[in-house]
Amino acid sequence: MEVQERLQDVVSRIHAAEKAAGRAKNVVSLVAVSKTFDADAIRPVIGAGQRVFGENRVQEAQGKWPQLKSETSDLTLHLIGPLQSNKAAEAVALFDVIETVDREKIARAIAAEMKAQGRKLRLYVQVNTGLEPQKAGIAPKETVAFVTLCRQELDMEIEGLMCIPPVDENPGPHFALLAKLAGQCQLDRLSMGMSGDFETAVQFGATSVRVGSAIFGAR
Numbered sequence: 000m001e002v003q004e005r006l007q008d009v010v011s012r013i014h015a016a017e018k019a020a021g022r023a024k025n026v027v028s029l030v031a032v033s034k035t036f037d038a039d040a041i042r043p044v045i046g047a048g049q050r051v052f053g054e055n056r057v058q059e060a061q062g063k064w065p066q067l068k069s070e071t072s073d074l075t076l077h078l079i080g081p082l083q084s085n086k087a088a089e090a091v092a093l094f095d096v097i098e099t100v101d102r103e104k105i106a107r108a109i110a111a112e113m114k115a116q117g118r119k120l121r122l123y124v125q126v127n128t129g130l131e132p133q134k135a136g137i138a139p140k141e142t143v144a145f146v147t148l149c150r151q152e153l154d155m156e157i158e159g160l161m162c163i164p165p166v167d168e169n170p171g172p173h174f175a176l177l178a179k180l181a182g183q184c185q186l187d188r189l190s191m192g193m194s195g196d197f198e199t200a201v202q203f204g205a206t207s208v209r210v211g212s213a214i215f216g217a218r
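Using numbering that gives the first Met the number 0, you'd call the opening residue of the sequence shown number 0 and step up by one each time.
The hints are simulated quantities; they were obtained by calculation from the structure and are not laboratory data. Since the model is a prediction, treat every value here as computed from it, not as a measurement. Ideal placement from N, C-alpha and C gives every residue a C-beta, glycine not left out. No false leads were mixed into what you were given.
Calculated lysine-lysine pairs in the PhoX-like style (CA-CA distance at most 20 Å, straight line):
id	residue 1	residue 2
1	Lys104	Lys134
2	Lys86	Lys104
3	Lys134	Lys86
4	Lys68	Lys34
5	Lys86	Lys119
6	Lys134	Lys34
7	Lys104	Lys140
8	Lys68	Lys119
9	Lys114	Lys86
10	Lys34	Lys86
11	Lys114	Lys104
12	Lys63	Lys34
13	Lys104	Lys119
14	Lys140	Lys179
15	Lys63	Lys86
Derived DEER-like restraints, expressed as beta-carbon distance ranges:
id	residue 1	residue 2	range
16	Glu141	Asp37	32 to 40 Å
17	Gln66	Lys18	36 to 44 Å
18	Thr147	Gly117	23 to 31 Å
19	His14	Ser212	17 to 25 Å
20	His14	Val143	32 to 40 Å
21	Gln83	Arg150	17 to 25 Å
22	Leu148	Pro81	13 to 21 Å
23	Gln151	Arg42	40 to 48 Å
Given these sequences and hints, build the entire structure.
This is the structure:
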């Protein structure tokens, strides 16, 4: 199957999941995760109409996205991997959305860079719903206080919450927890669901899903 066909298959599955969940068509946006794939592999997906992409690493994204963005003006680029504070300047300059705001130090660095560069990025707080020690994200019980800090002290507009459930667990309870936390924070955007579980995420209220291998193939 060609990459364009795989993209269309994912879009069709999202629409079917929306319908099954009783949600309106096109309420869930697709973030095509292009990490590890070069510009030549990404161009056919852009050519097929996809405009929103996700990358895990700032340095890797810098090697391909400035050129791709110059070729196609209406692309939106999400950072969906952990961000180190020493990369905040580069991240704010290149990305349109940062989904991995997960601690006060990085929040302050992003806020300072947005002010310095005159850029206003869309921001998500990453929640470590499984409390996995090896994984980034704020603890669920600290989420409301952290979102409040970002809003009130740092004057950051937080758009939504993001999570990556543990690979060996049913993702449903994690998606439900993220939705509950979003409600407590008065947020209506949920970035959750990947290639293996995005249909479940749509059922639990995802507003965007991050799909890579189902579109681009195995890495």
